[in-house]
Amino acid sequence: MQNLKQYIQDEILVRVEKPARYLGNEWNSIHKSWDKDKIKMAFCFPDIYEIAMSHLGMRILYGLINKREDFIMERCFAPWVDMEQILREKNIPLFSLESYRPLQDFDVVGFTLQYEMSYTNILNMLNLGGIALEREQRDNDSPLVIAGGPCVYNPEPLAPFVDCFLIGDSEELLPEFLEVLKKHKMGDWSKEKFLAAIKTMPGIYVPKFYEFKWADSGLLQEIIALDDAPSQVKKLIITDFDKAYFPTDPIIPYIEAVHDRIMLEVARGCTRGCRFCQAGIVYRPVREKSPKTLYEQAKKSIENTGYDEISLTSLSTADYSSIKPVIEGLLEKHAGEGIGVSLPSLRVDAFSVEIAKEIQKVRKTGLTFAPEAGTQRLRDVINKGVTSADLEKAVKGAFDAGWTQIKLYFMIGLPTETFEDVKGIADLAYKVLEWGQEVLKNNKNFKRIKVTVSTSSFVPKAHTPFQWEPQNTISELEEKQQYLKSLLKDRRITYNYHDAKTSFLEAIISKGDRRIGKVLKRAWELGCKFDSWSEYFKYDKWLQAFRECEIDPEFYAYRRRDYDEIFPWDVIDVGVTKNYLKSEHRKALQEALTHDCRYEDCPGCGICNRFGVDLEMFRGEQSAY
Amino acid sequence: MHIRLMFQKLDTARFLSHLEMQQMWQRSLRRAKVPLAMSKGFNPHPKISFGSALPVGVASLAEYLDVELRENIELTGLKEKINACLPIGFKVIKIAEIPPKSKPLMAIINRAEYTIEQRVKVCSDDIATITDKFLGQEVITIERETKSGTKLKDIRSGIFSLKAQCAKSELIITTLVQTGSQGNVRPGEVLNTFLGFANLEPIGPEKITRKGLFVNVNGKTVTPLEVLEG
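First to last, the protein sequences are chains A and B. First residue of the first sequence: 81, per the working numbering; consecutive thereafter. First residue of the second sequence: 324, per the working numbering; consecutive thereafter.
Since the hints were made in silico from the structure, they are not lab data. Errors might be hidden in some of the hints.
Said to hold, decoys possible - Straight-line Cα separation of at most 35 Å, DSBU-like style, residue types lysine-lysine; simulated pairs: (1) B:LYS402 with A:LYS98; (2) A:LYS487 with B:LYS417; (3) A:LYS618 with B:LYS470; (4) B:LYS356 with A:LYS372; (5) B:LYS414 with A:LYS170; (6) A:LYS112 with B:LYS356; (7) A:LYS380 with B:LYS417; (8) B:LYS414 with B:LYS543; (9) A:LYS147 with A:LYS85; (10) B:LYS363 with A:LYS476; (11) B:LYS414 with A:LYS147; (12) A:LYS85 with B:LYS356; (13) A:LYS98 with B:LYS417; (14) A:LYS380 with B:LYS402; (15) A:LYS98 with B:LYS363; (16) A:LYS524 with B:LYS363; (17) A:LYS85 with B:LYS530; (18) B:LYS530 with A:LYS379; (19) B:LYS424 with A:LYS413; (20) A:LYS98 with B:LYS491; (21) A:LYS581 with A:LYS598; (22) A:LYS379 with B:LYS370.
All figures in this text were calculated on a predicted structure; none of them were measured in a lab.
With the rest of the complex left out, here is chain A:
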């Protein structure tokens, strides 16, 4: 592969944009010799380098798998369109970054599924890597194509292409999977036998052992597990999260990544119970790391990376039990070296602003709040436990501390939403302006206030209380966007919104089934890729693909489901029961709240008693420095 590497570096890299995307020899990258008895896996991220290199899951698995002498993990990302064109022209297969080997040379080609709109890139990468798309078209010696990540909780749209899915926390699952693979590879290799052997492993879903029967109405009638495969695949959860492997020597990207900093995962899971949120369900239960572990990992990370910022990541970092002492401890230790601490998101309350002030001592970061909905009624529907008083305290606190730019995130198209609720978003934005003027006037601060309102469009997701809900139509969403735009005419307010057509497709794929796989392939054949990049999103080609496959996209996005409907994703057991989701859905329609189990008693979602796990928290443990 030395020749390919030399050729690409001498002849091709000078012709592409940002050639440093393709070098593969960044600081902390791992280059192993390709011995015959090692298991080789390509970790594939179906988007470009800058996005891929921001992914914490890859950092974890890359470090973990490469620690093992008998395993090799290399990276492979979607080449940008200019590079792809040259690869296709010159007939060069898509290669891994570390050894410049074609994807087809690996034992395992594993994709992380971060968002549905990257699925056509998966097909494109397989094709560029010289691998047949459909699993049935691949022979015994083709690489195993596997997938993991948050979108595997509805694996079915990709079932025609992927040999097996890893459901759950991969730092435990993947090494076990590769271990079994290694044993099979040492003997007479039979992919058939291997897949048959792993189909009963916890957290492994092998789609070839499941048959889906549809009624003439198009509804799913039955999911049949074949050859003693489990009727439902339970996700695998790591317990004792505090002791779990965590990489303190991640690869330092050459090109600035979207998240280019130390990502210190303080907790996994969230129990706030926002009813639209899939991550809140599938990552349960909440597991925290101890402050002591965090301090150790922070120190090592700073030494090994040279980064000047630590982001304390999780689904809701302000909820981490010891967040304040941990921030104080980190700053006390490292602020002198010019190291800052940041949070990916804030809660809408005064406590979060206190935290933000703490952080701001070293580095000024923007302040973003996500009330999600404009009226109290609708916030109760989605179980976002935020009141207007919370927002007032948070915003006034922020202005008082010197911030003059506030970003507000909302969703439009939520179940039961009316135009009154949409108007509520504008009302809130104006209130924020008013609160800000008041505080700034009192403080004799004459800076100009800027409020940015961003709306995304609600996409009903599998395994959430809103999985039975239809999505607003594209025209409804666009009407709401225009209405809100007409209300937000103040020049101190900026309004951004997401493309409704993209949200429509996201809804179809995220609640899709095997039949959607056909559409994915056809859309890719018609030239769809980088669908999450607005300049490459080809909506008309997607519609053409649906027509040609004789599949009605509205059946997936706009249909209200019955409570007794069987869903394609019912084959995956995420721990939270369907009955609990139903009761949450009913409560939503009654505008009734469900409290957070970390503060009050158990509302009975099912994860802890059914999976024999518990919340892991370090409440009250103070700074251990």
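Got chain A sorted already, so can you dock chain B onto it with the hints?
Below, chain B without anything else, positioned relative to chain A:
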């Protein structure tokens, strides 16, 4: 304390843009535990400044950067310590302490020497004569893309010397040109005008290496390290 580093940017390091390289240096120096001085204000950043930016894809044998430190450190062994923390292709050659009030590299560097290698279809017979004629031109006009559109520019006065040889379809040009705030001649511009003038047809991409950056004061050309010695 202020220090000046001379370093190489070879091999795959040549594909890093100036911005990417700046990030790389900040992180590498921190890994090497070099006590970087930070700017004041809301967004503190280390006080590191570079000489002339290299185009992506161009290698260099002699680049420079100045670093301000928050405390005095021992220079012995520093080079090795930093080199152990640099990605492939980067290598520190020399480090010297500089006076705190030294003029920034950007302001003093005004000469750059390049070697340009280009495969061509057929070599010209008399490359020396062509070179003489090329340099004999009063004006060498190039087109340059600017924000306000394509502009014509004369680069002849910015080419101080140029030697070319061509054998076995391999053209090699060595040239000393102007760089910096007073005017900048890009090696690609020299190559393209020379190819056009000599009627040579290029095959494949060129390979450019910056051999040195210099300071020309009172007719004397010295390196940014030599200039310190006065």
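Checked hints:
1. B:LYS402 with A:LYS98: holds, 29 Å
2. A:LYS487 with B:LYS417: violated, 48 Å
3. A:LYS618 with B:LYS470: Measuring from Cα to Cα gives roughly 31 Å; hence the hint holds.
4. B:LYS356 with A:LYS372: holds, 24 Å
5. B:LYS414 with A:LYS170: Answer holds: LYS414 (chain B) to LYS170 (chain A) is near 34 Å, not above 35 Å.
6. A:LYS112 with B:LYS356: holds, 28 Å
7. A:LYS380 with B:LYS417: Distance of about 29 Å is within 35 Å: holds.
8. B:LYS414 with B:LYS543: holds, 28 Å
9. A:LYS147 with A:LYS85: OK: LYS147 (chain A) and LYS85 (chain A) at ~25 Å, within 35 Å.
10. B:LYS363 with A:LYS476: holds, 27 Å
11. B:LYS414 with A:LYS147: holds, 28 Å
12. A:LYS85 with B:LYS356: Between LYS85 (chain A) and LYS356 (chain B) the Cα gap is close to 33 Å, so the pair holds against 35 Å.
13. A:LYS98 with B:LYS417: This hinted pair holds, its Cα atoms lying about 29 Å apart.
14. A:LYS380 with B:LYS402: holds, 23 Å
15. A:LYS98 with B:LYS363: Cα-Cα ~32 Å, so holds.
16. A:LYS524 with B:LYS363: holds, 24 Å
17. A:LYS85 with B:LYS530: Status holds; Cα separation ~16 Å.
18. B:LYS530 with A:LYS379: violated, 42 Å
19. B:LYS424 with A:LYS413: holds, 32 Å
20. A:LYS98 with B:LYS491: holds, 32 Å
21. A:LYS581 with A:LYS598: Roughly 20 Å between the alpha carbons, so the hint for LYS581 (chain A) and LYS598 (chain A) holds.
22. A:LYS379 with B:LYS370: It holds: about 23 Å lies between the C-alpha atoms, which stays within 35 Å.
Hints 2 and 18 from the list above are not met by this structure, while the remaining hints are.
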